[in-house]
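Enquirer: Hey, can you work out the whole structure from these sequences and the hints?
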Amino acid sequence: MSQKTEAVKRPVSRKDMTKWQWTWKEMKANKTGYFLLAPFYIIFFIFTVLPVILSILFSLTDFNMLEMPHIIWFDNYIRLFLDDDIFLLSVKNTLVFAAITGPGSYLLSLILAWFINELPSKIRALMTLIFYAPSISGNIYLVWTYIFSADSHGFLNGTLINLGLITTPIAWLKDTDYIMPIVIIVALWTSLGTSFLTFIAGFQVVDRSLYEAAAVDGVKNRWQELWYITLPYMRPQMLFGAVMAITQSFGFGAVITGLVGFPSPEYCAHTIMHHLEDYGNTRFEMGYASTIAVVLFFLMIGSNMLVRKILGKVGK
Amino acid sequence: MIKRFLSKSLALLLAVLMAVSCLGTAVFAAENAEKEPAVSESDSTSKLQKIQELLQSNTYAEYRLLHDSRVKGTDDITLLGSEFDPEKTTAKVSTQKTDFSRKGTILIPETGDVTWNFEITKTGNYHIAITYYPIVNLDLDGDGKVDIRSNAATIERALLLDDSYPFRESRYIEMSRVWGESVPTDEEVNDRGFVLDNDGNEIKPNKVEAPEWRTILASDSTGYIVDPFLYYIEAGTHTLTLAEVQEPVAIESIRIYYDDSEITYEEYLAANNAKPDNASGDIVMLEGEKAQLTSSNIIYPTYNRSSAITSPQSAYNIYLNTIGGEKWETVGQWISWEFEVASDGYYSIAPRFNQSFAEGMYVTRDIRIDGATPFAEAKYLRFKYDDDWQLSALTDGVIDEATGEEREFKFYLTAGKHRMEFWVALGNMAQVLTDVELSLANINEYYLQILMLTGAEPDEYRDYKFGQLMPEVLVGMLEESEKLYELSAQLEEINGTKGSDSVTLENVALLLERMGGDEDLIAPNFDELKDYIGTLGTWIMTTRNQPLEFDYILVYPTSAAGENTARYLKDNGYRAGANFFSAMAYEFRQFVMSWISDYSSYGVRTAEGTENYASIEVWTTSGRDQAQIIRSLVSDSFTKNYNVAVELKLVAAGSLLPATLSGSGPDVNLTTTSANVINYAIRSAVMPLNPAGYVDKEGDDEATLAQNALCREVFSDYDEVISWFADAATTPLQLYGVAYALPETEQFSMLFYRSDILLQLGLDIPETWDDVYNMLPTLQSNNLQFGYHESLAGLLILLYQRGEQLYREALPGDESGLSFGMQINLDSNTSLETFKDLCEMYTMYGFPYSYSFVNRFRTGEMPVGVSQYTIYSQLTIYAPELRGLWGFTLLPGTVRTDKNGEVIIDHTADTTITGVVMMRGCEEIKAAWDFMKWWVGAETQATYGQEYYALLGASGQYATANLEALYSMSWTAEEREELQRQFDWLQATPEMPGGYIVTRYVEFAFLSAYNDDADPVEEMLGYIDTINAELSRKRSEFGLPTLEDYEETL
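So the protein lines, in turn, are chains A and B.
Anchor point for the first sequence: position 218 equals 205 in the numbering used here, and the numbering is continuous, going up by one each time.
Anchor point for the second sequence: position 505 equals 509 in the numbering used here, and the numbering is continuous, going up by one each time.
Hints were generated in silico from the structure; no laboratory data involved.
Keep in mind that the hints are not guaranteed to be accurate.
Cut-off 25 Å, straight-line C-alpha distance, at most; resulting in silico cross-link-like pairs (SDA-like, lysine to any residue) [said to hold, decoys possible]:
id : chain 1 : residue 1 : chain 2 : residue 2
1  : B       : Lys644    : B       : Glu1041
2  : B       : Lys701    : A       : Ile98
3  : B       : Lys840    : A       : Tyr133
4  : B       : Lys469    : A       : Gly151
5  : B       : Lys534    : A       : Tyr133
Per the computed footprint, the stretches of chain A lying under chain B, defined by three or more beta-carbons under 8 Å from a beta-carbon of chain B, are [what the hints assert, rightly or not]:
id : stretch
6  : 93 to 104
7  : 169 to 178
8  : 240 to 253
Idealized CB from N, CA, C, for every residue including glycine.
Expert: Written out as structure tokens, the structure reads:
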């Protein structure tokens, strides 16, 4: 890698220098690369890495957003894990929510993409649009508030009353019995986003000749084709899709708030995101909110690693 | 003998009893229950009775059928104002001389009725003409105080003959105000008389009242009846009463006579053809925006940048080049222009106008020259729809048989000055609108009748036997269907095309035809009928509006124009649209300018010498237009008078926090919610605003002491400032005696009721919650509902009415009062009981949990309910068919014993406040404080309210907290009185550290009670500890005493 220059008589070897000197030298040698990398890296550092570091630092303080913070070390963490029932509840809700919507939306995307892939190309384009539309149209999930309106003239209530199934309107989005299932349905509906598109693209790039080869080698049905050829072949897309699905499922806070309000009745749909919002926006306790954010951060990294492990087993 | 005496006295007793019972049930109630407090009990009954009278009176159409309109009255009586009958008059009439007084002038304040006596010798139909002068805040005794207060609203009176309404429409006689423009005195204006901003754009002039004597014939304020009212008066003595509705007025005389001066166009021509036609001179061009007077302060010069040749137009600067548009669309509004012609003769009038508003329809104007309609057809001037600007002589759309084209009117004018007034009118649409509104009223009636039988969601599979129970409804629906088909055809004929509006009518007609024809179809289509009723209401609302925008008006000798008017005008340089190249050039310049111009700084004006002024930065999160209003208010009346320059910034909601965080926040922030005020306050981000916030403490350094002394002095008038507001308004903006914001807006609930439905059901307006409970069976057996607030909003009202508080009072012995707010008071016996009552309203009494109040109120499904008072303007605008049939009043109250042991009805409403805060770090404290005082002051708030209203139309009700400003807005006398009464019964919830937790848990408790029938008391008790713990945690964060600190004492 290193270039020899006229000035240097003797070749420089790695062990002549300290680690830092060597790095500096290498960087100087590859300055064009670093230069080209710089715009992205600076932005990435300022807007992604720095906030993460900052929130780890803030999580050790009692920062209230308007006054100088004091360092209180691990008090926030102790309080979070030992003295905050609602946090534990929100962890539970988040995991339940993520466990259903994450894999749910993932499988749904995959299966739908597989089905749609079988269609003729014009219909395929149309179907793709139909399924993809909800995820690009911003706050479109708010149509569900009309469907599940507590008003006796709301769509669902009105229909059910007309059919004689209920006599008084049900407050769908304010009743703890219904909230979780409803938000999960809505989340699944909106979740067919980027990963869905990647899958469709992934199905397109599978080399057709592989199927023929596999048929020669004894693949008997479409399922085996899918499991042994298609899926392993599109592992990168699947990994991407999985990461997206998991990240998305942790970040559905806005959809839930849009549907059932904030906070949800009896915290029944209170996720870690909500807990974070509660302390950050309502109570102005940024230190504590940062603590929650840090925990959420590690939770997401953990689940991503888990997903990678699982996906590594596809086709084996 | 004795027997006879007894029976006589018994009869007398009975007679007296009957008489007493006539006075209404209220008197009875007062006799029965001595415990009941004597709070104006007959009030609600009399209010309903008045409306009942009105409802029972005929419409004008019915009245005309009863009285042959051909019988002309021959008397001509002029009643001078001063000839009123003092005995029957209830208003405090003044006859004092003023500078505008004429012989017989009387000044009538807003409240009270004035009655005159007169005698008619010949039975017949008469017009009634009123000569009036709009009073503008009048100081009678010269002591500098206003004795007769006026507001910007239209003057309105009810005209009664012999103490009753001859017909319903006589309840609304409007007398328009007169507005001119203020002449800028100390500012530079351009040659067109407009003030310029920093970039050379013309700025809208201020409107000021320019009252003058005017004479109007009593006529329909909605414009549905085109001709003035004819009152049928029999020979004999009568009384004429002008009853209070809104605004004071001066009356010179009332003339009762038959006005037959109106002639047809042909008669007009015949009469004038004999006179010489010497019309001469060039084309006179009147710029629309340079109108002389208008009827309303919302009609002012506007700018339209769509056409390249609108006069004047520039791609670089904004010129105020038009007038009217959507601000000039309501019947009764007018604009006048003054002009001069050289010699006697026929002249034509041709405006360049834009009517791209009412698609597929035409709008109507009514021209009056020198105060009189020249001929009958001049009331029907048509302005057709077109995307582009149009230029044509005035016409009524009638085809001239000779030329085969629409005839163009000519007007015979004498040499000299003239004044033309263009009035918004409905023309041929008037009849259609009247009929549709009548139909709508009937359909509404049928809807209600069905609703009362089946409920809002009828069962499709059940046989309700409509045919047997309400045959008249079925027949009625078929009749209305037929009528609507006819109207739709009529509409098509008037407009010449089948537009979307006639299709709307046909759709409703089709549905009614199906429902009326087959009773089995009523239930399944019931919901649709409700939607259609809404559609019809909206249809009426949009069709009534007659928007029209004028660029300029041309007046020219008819003879000069010859056969081809358009040709003549074009030759003289006047055309409707720009030619292709000039339009192209204009568009291109505009496109280029869009990169350069800073549109957001439109209207910013730096007065001369402001460099030396103190400068403050103010933030607002309202809309761009609102910011524009504030900006112009600032430059008009603040910067000059206070020597303070204000930089007003329009920011996105939620930017205050990050900005404060980074130290780049404003000096003053407008419209801050009370929760945020306290949130910022406890974190020392805003300045205390009263001297109590600047107490010297031991160990303060020099700088702090000096700062404290300065602030104590600046804020020394705080107590005076808060006297402008209701007492409750400052509660949520204070914490432990230190104030952090000045109140800006204030919202609270009032009780809205539909008089017509209550009367039909024989119900009274509920005065207490017991009345509400008593009316529920009647309401519910008719499938109607009562609307109320759930969760905390509903709880607070009930809680305050019972004299209970949300937080525990400060502990005894705690002099600092800091122990207030440590503990929630929801576990007291009264609170728990109140919460239980609230939950039972929903679980036992079936109050609806979620609903749209405006919709249900309009359809009658919810004829009575509690809602924010600002919904008033929405109902006024969107439910024109309900005019006069609804009202609002005090909240239902709770009967209780107050502190002094007296029994009272407590009508308390919970109020929410937003405030203006001064951020810490503000360097110009004095300047910022001056700004804040100026902004929340009565004058600024009233002007802002008016401008806001002008901008958003009547749906823009600005909920100012300043009492004087609120009362000066456009309310009828009765409405203002109701508001004032409610203001005596307001209470606000103090904002406490950790207060957010209360809303949350009260809602949780309420929802479990509502959804799962859980026991409300248990649910609430289950949350008390959690609430108190959070309050303590939050308090200890800010070093406030908590419950634990007092553990030993408790």
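Enquirer: If a hint holds in the structure, say so; if it does not, say that too.
Expert: Consistency of the hints with the structure:
no.	hint	in the structure
1	B:Lys644 to B:Glu1041	45 Å, violated
2	B:Lys701 to A:Ile98	72 Å, violated
3	B:Lys840 to A:Tyr133	30 Å, violated
4	B:Lys469 to A:Gly151	19 Å, holds
5	B:Lys534 to A:Tyr133	18 Å, holds
6	93 to 104	violated (count 0)
7	169 to 178	violated (count 0)
8	240 to 253	holds (count 3)
Consistency note: the structure conflicts with the earlier hints numbered 1, 2, 3, 6 and 7.
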